[in-house]
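First to last, the sequence lines map onto chains A and B. Straight run, no breaks: the first sequence in my numbering ends on number 320. Straight run, no breaks: the second sequence in my numbering ends on number 320.
Watch out, some of these pointers could steer you wrong.
A few chain A residues facing chain B, derived, Cβ under 8 angstroms [stated by the list, open to error]:
id, residue
1, 5
2, 138
3, 191
4, 218
Below, simulated DSS-like cross-link-like pairs (lysine-lysine); rule was C-alpha separation at most 25 angstroms, straight line [what the hints assert, rightly or not]:
id, chain 1, residue 1, chain 2, residue 2
5, B, 112, A, 307
6, B, 164, A, 164
7, B, 164, A, 307
8, A, 99, A, 56
Source of the hints: derived by calculation from the structure; they are not laboratory data. Owing to the predicted nature of the structure, the values given are computational and were not obtained by experimental measurement. Glycine included, each C-beta is placed from N, C-alpha and C at the ideal position.
Protein chains: 2
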Amino acid sequence: MQTTADIDVLVSEVGPRDGLQSIKAVMPTAAKKAWIAAEAAAGVREIEVCSFVPAKLLPQMADAAEVVAFARTIPGLTVLALVPNLRGAENAIAAGAHKIALPLSASETHSKANLRRTHDQVIEEVRQIAALVRSLPADRRPGFEGNVATAFGCTLEGPVPERKVVELACRLVEAGVDEVGLSDTTGYANPQQLRRLIRLVRAEIGAERLSGVHLHNTRGLGLANALAALEEGITTLDSSLGGLGGCPYAPGASGNIVTEDLVFMLDAMGLRTGIDLPRLLAVRRILAEALPGEALYGFTPDAGLPKGYEPGGWGIATAA
Amino acid sequence: MQTTADIDVLVSEVGPRDGLQSIKAVMPTAAKKAWIAAEAAAGVREIEVCSFVPAKLLPQMADAAEVVAFARTIPGLTVLALVPNLRGAENAIAAGAHKIALPLSASETHSKANLRRTHDQVIEEVRQIAALVRSLPADRRPGFEGNVATAFGCTLEGPVPERKVVELACRLVEAGVDEVGLSDTTGYANPQQLRRLIRLVRAEIGAERLSGVHLHNTRGLGLANALAALEEGITTLDSSLGGLGGCPYAPGASGNIVTEDLVFMLDAMGLRTGIDLPRLLAVRRILAEALPGEALYGFTPDAGLPKGYEPGGWGIATAA
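Based on the sequences and whatever the hints tell you, model everything.
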């Protein structure tokens with residue numbers, strides 16, 4: 001999603017989808033709604049609220065339609081849903097999602113393990129979803145994004161050739177997505193690699209079609225990668241409140257970058273997100289109460305805001 | 001210290017000083033020696049091995065002279081010692097340190113609390129140390145660095161005026177230091193602020209006199225700040241093995257950036273450090289054995305190296 005005139009960076013919260021699908025506990029629907037409402041009230045403009053997958057595969061997402069219906073009632077919030085295939089897209093559209101996102105893993109080994117589909121099969125699915133989207137009247141037509149997952153390396157295949165990522169980004173656009181995102185699913189990316197891949201992909205599909213990246217903090221480079229992406233003109237960054245859905249400190253961990261730390265960095269740098277950081281920090285309580293025993297992460301929440309911090313722009317950054 | 005022709009970035013290990021002085025346990029001298037030797041063997045070129053302060057104030061540093069004498073025997077290693085005053089400098093020089101570093105806190109409140117001295121008093125001390133250094137024959141003359149501490153904000157004063165940091169950097173140079181460093185003692189820095197302050201200070205004292213920064217990861221921005229510093233042409237980065245000396249995840253924490261994560265980032269970006277990352281990771285065992293119960297941090301050590309990682313430059317970064 002493109003940022004609007006009053007913000008510089010769109011922080012896209014993915015915790016209700018990426019976070020919740022990665023833990024065993026099932027969050028009650030009421031808590032999901034409270035979480036989404038509280039983050040929106042803190043100023044978050046886009047939330048990936050669920051994934052439309054069969055409930056027998058992911059019971060955490062069984063209430064996807066109800067969650068989307070609720071989130072749609074929040075003014076100013078873009079409601080995003082992940083869809084693995086045409087069936088999921090149909091359900092997401094019926095529920096009223098403003099935007100749907102489909103992952104396509106650059107590692108075909110990972111694609112087969114994750115979606116049980118080859119690249120060709122996923123692209124065919126994208127083509128059918130795009131046709132469905134185009135068939136809808138303009139006021140009911142959702143945005144459609146394709147995300148190249150494992151774009152910076154794969155835990156199964158190891159290094160992923162950049163030309164493969166560029167090729168898949170092109171194929172996604174040809175098959176009909178509006179936008180392409182790049183996902184560091186495995187926490188392998190480094191700033192230099194990220195910069196180069198953003199440039200390579202944009203050179204092929206156009207800068208306006210690549211506005212967002214999805215980063216993990218598995219090796220501690222999450223915010224350094226976010227900084228590199230910003231410098232390349234990326235304006236949408238995914239993150240997860242409390243780093244939910246993966247212990248970023250443990251072996252095999254897959255934690256997203258932490259929303260609170262990301263917003264602190266952006267805020268301190270003087271970039272406008274529209275988010276009130278103290279209010280955002282207070283949302284953690286909803287997660288802590290609804291998911292007892294589940295670890296919440298974040299350096300800024302642990303250390304606290306610096307002395308002299310002012311919401312909406314930090315004094316130190318402009319101290320004369 | 002300037003980097004040499006065969007490396008791009010000098011990773012300056014500060015754990016034996018900054019790490020050990022921040023924990024209660026006293027590491028046995030033999031373990032310190034083993035640690036220093038093992039890091040040097042892994043390719044680390046500069047280590048801040050101790051602080052020359054009275055043993056009754058910091059019993060962890062009581063063996064400073066012995067540690068310096070040992071470290072000097074390691075070929076190719078620059079042995080750095082922190083000194084709070086002239087007396088400390090005399091002892092460090094007598095012990096044979098290749099380089100001495102003195103902290104000057106931009107926050108005068110912090111300076112009085114930390115060194116029990118005003119800015120004027122610290123500068124006078126610097127002047128006397130510089131005179132001592134100049135009086136020595138060239139082959140026994142150590143490098144002399146002044147570090148502006150709390151340069152990005154202070155837990156006591158809050159925001160620190162940038163003009164104060166620039167002014168103190170100038171006064172350090174006038175008083176006779178060879179080089180100036182900037183220290184984010186409190187973990188308040190953000191990439192934008194760091195960039196601006198590096199430029200402001202360099203504009204006044206010359207780029208060649210500011211080659212290093214000392215960063216903490218208190219709010220998770222440590223590596224993002226390191227990236228920003230690199231982009232500004234900084235070539236020396238301080239870090240601590242295992243993030244020793246401060247829980248970076250806990251309230252009030254003051255952890256340095258983790259050497260292992262920093263080296264992983266630099267390595268993955270294709271920057272040469274001279275350090276063998278798998279060998280560096282193995283050094284953690286010495287700390288774990290010598291400091292039972294002390295927490296060691298690091299995302300890369302916890303998550304492991306990516307599949308396909310190759311020492312001395314990572315395949316993914318250049319995957320065609």
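Quickly compare the C-alpha distance for residue 164 of chain B and residue 307 of chain A to 25 angstroms and report which way the hint goes.
-> holds (18 angstroms)
Interface hint compliance - residue 138 of chain A to chain B, C-beta minimum distance less than 8 angstroms | Not OK, violated: residue 138 of chain A not within 8 angstroms of chain B, min 40 angstroms.
Hey, does the residue 191 of chain A contact hint survive, CB to chain B under 8 angstroms?
-> holds (5 angstroms)
Quick one, are residue 164 of chain B and residue 164 of chain A close enough, alpha carbons at most 25 angstroms?
-> With Cα atoms ~51 angstroms apart, residue 164 of chain B and residue 164 of chain A exceed 25 angstroms; violated.
For the hint on residue 218 of chain A, just tell me whether its beta-carbon gets within less than 8 angstroms of chain B.
-> At about 5 angstroms, which falls below the 8 angstroms cut-off, the nearest Cβ of chain B leaves the hint on residue 218 of chain A intact, so it holds.
Could you check if residue 5 of chain A really has its C-beta closer than 8 angstroms to a C-beta on chain B?
-> Constraint on residue 5 of chain A not satisfied, violated at 21 angstroms.
Holds or violated: are the alpha carbons of residue 99 of chain A and residue 56 of chain A at most 25 angstroms from each other?
-> holds (24 angstroms)
Taking only the CA atoms, is the gap from residue 112 of chain B to residue 307 of chain A under or equal to 25 angstroms?
-> This hinted pair holds, its Cα atoms lying about 19 angstroms apart.
In this structure, the earlier hints numbered 1, 2, 6 are contradicted, and the remaining ones agree with it.
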